[in-house]
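> Protein sequences appear in the order of chains P and E. Residues 1 to 100 (our numbering) make up the first sequence, in order. Residues 1 to 366 (our numbering) make up the second sequence, in order.
Quick caveat, the hints were computed from the structure, so don't treat them as lab data. On a predicted model such as this, the values are computed, not experimentally measured, just so you know. Backbone N, C-alpha and C define an ideal beta-carbon position, used for all residues, glycine too. Check each hint, because a few of them may be wrong.
Simulated DEER-style distance windows between Cβ atoms [unchecked claim]:
{"no.": "1", "chain 1": "P", "residue 1": "Asp74", "chain 2": "E", "residue 2": "Lys363", "range": "46 to 56 Å"}
{"no.": "2", "chain 1": "E", "residue 1": "Glu6", "chain 2": "P", "residue 2": "Asn78", "range": "26 to 36 Å"}
{"no.": "3", "chain 1": "E", "residue 1": "Glu359", "chain 2": "P", "residue 2": "Glu23", "range": "52 to 62 Å"}
{"no.": "4", "chain 1": "E", "residue 1": "Leu86", "chain 2": "P", "residue 2": "Asn54", "range": "51 to 61 Å"}
{"no.": "5", "chain 1": "P", "residue 1": "Ala6", "chain 2": "E", "residue 2": "Asp96", "range": "51 to 61 Å"}
Only pairs whose alpha carbons sit at most 25 Å apart, straight line, appear in this in silico BS3-like list of lysine-lysine [said to hold, decoys possible]:
{"no.": "6", "chain 1": "E", "residue 1": "Lys72", "chain 2": "P", "residue 2": "Lys11"}
{"no.": "7", "chain 1": "E", "residue 1": "Lys155", "chain 2": "E", "residue 2": "Lys273"}
{"no.": "8", "chain 1": "P", "residue 1": "Lys30", "chain 2": "E", "residue 2": "Lys155"}
{"no.": "9", "chain 1": "E", "residue 1": "Lys363", "chain 2": "E", "residue 2": "Lys353"}
{"no.": "10", "chain 1": "E", "residue 1": "Lys335", "chain 2": "E", "residue 2": "Lys79"}
{"no.": "11", "chain 1": "E", "residue 1": "Lys42", "chain 2": "P", "residue 2": "Lys30"}
{"no.": "12", "chain 1": "E", "residue 1": "Lys334", "chain 2": "P", "residue 2": "Lys76"}
{"no.": "13", "chain 1": "P", "residue 1": "Lys15", "chain 2": "E", "residue 2": "Lys155"}
{"no.": "14", "chain 1": "E", "residue 1": "Lys42", "chain 2": "P", "residue 2": "Lys15"}
{"no.": "15", "chain 1": "E", "residue 1": "Lys113", "chain 2": "E", "residue 2": "Lys7"}
{"no.": "16", "chain 1": "E", "residue 1": "Lys199", "chain 2": "E", "residue 2": "Lys189"}
{"no.": "17", "chain 1": "P", "residue 1": "Lys11", "chain 2": "E", "residue 2": "Lys155"}
{"no.": "18", "chain 1": "P", "residue 1": "Lys11", "chain 2": "E", "residue 2": "Lys53"}
{"no.": "19", "chain 1": "E", "residue 1": "Lys353", "chain 2": "P", "residue 2": "Lys16"}
{"no.": "20", "chain 1": "E", "residue 1": "Lys199", "chain 2": "P", "residue 2": "Lys11"}
{"no.": "21", "chain 1": "E", "residue 1": "Lys42", "chain 2": "P", "residue 2": "Lys11"}
{"no.": "22", "chain 1": "E", "residue 1": "Lys229", "chain 2": "E", "residue 2": "Lys189"}
{"no.": "23", "chain 1": "E", "residue 1": "Lys182", "chain 2": "E", "residue 2": "Lys155"}
{"no.": "24", "chain 1": "E", "residue 1": "Lys199", "chain 2": "E", "residue 2": "Lys53"}
{"no.": "25", "chain 1": "P", "residue 1": "Lys30", "chain 2": "P", "residue 2": "Lys76"}
{"no.": "26", "chain 1": "E", "residue 1": "Lys7", "chain 2": "E", "residue 2": "Lys42"}
{"no.": "27", "chain 1": "P", "residue 1": "Lys96", "chain 2": "P", "residue 2": "Lys52"}
{"no.": "28", "chain 1": "E", "residue 1": "Lys364", "chain 2": "E", "residue 2": "Lys353"}
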Amino acid sequence: MSRLTAHPIIKIDEKKEISIYYEDQLLRAKEGETVAAALLAHGFRIFRYSAKRNEPRGIFCGIGQCTDCIMEIDGKPNVRACMTIVHEGMTIRTQKGLGQ
Amino acid sequence: MSDSGEKSYDVIIVGAGPAGLGAAIESGKAGARTLLLDENQKPGGQLFKQIHKFFGSKEHFAGMRGFLIGEKLLEEAVKHNVEFRLGARVWGLYPDGCVTATDEENSLNFKGKKIILATGASENALSFPGCTLPGVITAGAAQTFVNVQHVLPGKDFVVVGSGNVGLIVTYQLLQAGANVIKIIEAAPKISGYGVHAAKIRRAGIQILTGHTIISASGRDQVERVIIAKVDENFNPIEGTQQTILCDTVALAVGLSPRIELAGAGGCEMTYSKTLGGVLPVHDDNMETSFEHILIAGDLSGIEEASTALDEGRLAGCRAAYRLGLMTLEDYTSKKVMILNRLAELRCGPFGNKRMLAKEEIWKKAV
Ligand code: FES
Numbered sequence: 001m002s003r004l005t006a007h008p009i010i011k012i013d014e015k016k017e018i019s020i021y022y023e024d025q026l027l028r029a030k031e032g033e034t035v036a037a038a039l040l041a042h043g044f045r046i047f048r049y050s051a052k053r054n055e056p057r058g059i060f061c062g063i064g065q066c067t068d069c070i071m072e073i074d075g076k077p078n079v080r081a082c083m084t085i086v087h088e089g090m091t092i093r094t095q096k097g098l099g100q
Numbered sequence: 001m002s003d004s005g006e007k008s009y010d011v012i013i014v015g016a017g018p019a020g021l022g023a024a025i026e027s028g029k030a031g032a033r034t035l036l037l038d039e040n041q042k043p044g045g046q047l048f049k050q051i052h053k054f055f056g057s058k059e060h061f062a063g064m065r066g067f068l069i070g071e072k073l074l075e076e077a078v079k080h081n082v083e084f085r086l087g088a089r090v091w092g093l094y095p096d097g098c099v100t101a102t103d104e105e106n107s108l109n110f111k112g113k114k115i116i117l118a119t120g121a122s123e124n125a126l127s128f129p130g131c132t133l134p135g136v137i138t139a140g141a142a143q144t145f146v147n148v149q150h151v152l153p154g155k156d157f158v159v160v161g162s163g164n165v166g167l168i169v170t171y172q173l174l175q176a177g178a179n180v181i182k183i184i185e186a187a188p189k190i191s192g193y194g195v196h197a198a199k200i201r202r203a204g205i206q207i208l209t210g211h212t213i214i215s216a217s218g219r220d221q222v223e224r225v226i227i228a229k230v231d232e233n234f235n236p237i238e239g240t241q242q243t244i245l246c247d248t249v250a251l252a253v254g255l256s257p258r259i260e261l262a263g264a265g266g267c268e269m270t271y272s273k274t275l276g277g278v279l280p281v282h283d284d285n286m287e288t289s290f291e292h293i294l295i296a297g298d299l300s301g302i303e304e305a306s307t308a309l310d311e312g313r314l315a316g317c318r319a320a321y322r323l324g325l326m327t328l329e330d331y332t333s334k335k336v337m338i339l340n341r342l343a344e345l346r347c348g349p350f351g352n353k354r355m356l357a358k359e360e361i362w363k364k365a366v
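Bound conformation, chain E alone (with noise of 0.2 Å):
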């Protein structure tokens, strides 16, 4: 590799969903020379699925439709002259702020003197005999299809989880015309919102709560699934098996931080159940433990669009300053108002744990 045409910057944001936009807007607003970059062709992440309405506030675009918020925050991007390159898959961190990407052809080296990591999570896989037979995908992979290509990518579905996501594609694969058999969840009560779940239930799909899938199979791929009650062990209980019949399994079973570009920079790591699982270390100005990469989304802990988007914000705002760019008033008063706008989305039964919880980071980075 030559270091021929290694471009420097003042802020690198890998990953254009929420937070590298919220990031490189307010990073780019200070007046910091800012490259986003990021692996698809098309920038917004996973924005673009999103054909609900958010919660939260007005900042949070509150009653506004994903997809939208996504070209609003683009739209504000490339007003505070943020560079974008899209279909770059970074692949290397180095401790010097040097990002290494590819755009398949060739490989492309940026020098940043702060990186910001915004690279998302993954869906959560489930392990049962047949799960890697066509027909079973993620939620998420229905979701894009559906919304993002507008293809159905089966007919008769089972989907597994009751969490927020497992309800909301549920109800979107409904408006798409697919019939969803059943909602089956381990845990003994539905893992959502109340308000996703009614929805559901309105619309005459069973959410059976107490139940896992046992296999699926068919001819090459799925055309049916077993799926039993389980104990309070989640083991499954002898004599209550069913069969459906149905093309389709989605599985809503969770996300995980997309850690291994942070790892590659050497960041050190924890782990946080309620998070998601292991995580970078991270304090309240979305520094790591390198002062040089902070982290925003979901990759420092699963949580909304909504908190992605004001980790972002902060993070881009922490970058500025430390490139002084922004006085420490300045910053101070930003980071005071995110603060407050966050707490507000962590409130709540479920939002409590994921504050509990995001405390608990911070503190181990002091």
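For reference, chain P alone in the conformation it holds in the complex (with noise of 0.2 Å):
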């Protein structure tokens, strides 16, 4: 799990760097990527446990539609890591079940 840093056809332009908050530790994100992004990006992928047999869940789809990648983002639950937009100072943490 990396960033792509060169490529035979897409350009790969030079971002902004923000700092968002993951389990309190600061990771540098790109401006525009999403959460699951900036997360992959860094080597994690385990996003949530489930409700009931506390199994680990990631990225399944990546469009937003089968909601396995729910975290609890700026102190929201169930909210999708693959549909959301990192922004400066974004707190992130994995969820825990359904969530507080």
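Take the two lone chains and join them into the complex the hints point to.
Now the structure itself:
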């Protein structure tokens, strides 16, 4: 899991870096990317633990359909990480079950 | 829910992928007051993750890469005064043409004389022990992360499914610098186009046919998968299991029409294996069992972006004609032109099956 640096077809633009907080840890994210992309770029892929069996879940569909990737974002539970764009100072937490 | 602030349109289109954009362009061009709704912040549907060149004719932008086609279509829709409402997730469709949506904060109500549904498809999942582990993703997700977000969602991939999606996504993963260990395919032969398969083989990636995934496992995320050979009934053969170390499994096991909204609108449904499962009955004007609800694109049968675009155009023209904004003569000539182009896309061993399946559906509509 890493960011692309060079690509034969896609132009990788220099993007402004911003700070987000994942489990109180400072991470550098790129402006305009999704929470899911920022976390994957840093090697984090467990986004929540399921309510009934406490099993780890991460991204599945990547386009907002499956809700497997829901997290607690800015204090709000059940937010889809693959559909939410990062912003400066955003706080992100692994969701436990139905969230608080 | 209050009715206040309900806005009226001639044509409301749900879904801003190639089908929705095609419909919006034609309806806007004919002078219909057109609204295009999409739950994403950006229109284009899945076009912006397509970095490969498209097939088809000039009208299908053959030779152009998907994301550039997306930009061209957007430009055209804007030129024809289509109103966009992005970040609006449509959840309700009523017999009187009322469409309800939410933008996370507010409830939004719209009313349309004609509704064109272009809600697309969702990727199929596959059930096996470990299929919910982080690291098991759809091929489309891999494509979104790599081509749109520019992040590799894993390092060592196993791709399941050798249809065009599996083959194209494998190639794009390689272009992005990922390691694709193998493609596995349960069928006895590769199911996608030969040109795509040849590219994969040239890159040295093995396509293992007659194999299925048995399980994925690892501590809190994928660390390995077990695969096995299958017999002619797709049952795993004892003693053929092998373990592959990998961190990501990308599933390319087909797509299904996203029918929820058409179902909410009361559209009659039918089933077609070739076209991806349950879908709304429709005729060759793209009208469903309700005259005022039209459909286009993957919702009306899983095909390709090019067919979706043309079906969208046809639906847009039909809506304009029904609204009295286009003469029967004009509509008929456009319809013939578009259906001819679609017939070109629906030929060859793959396309022909889809053509026959489409004709079956059209017959049910009368
Ligand atoms: S990964 Fe499916 S909704 Fe986010």
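> Which hints from the list above does the structure break, by number from lowest to highest?
Structure breaks hints 4, 7, 12, 19.
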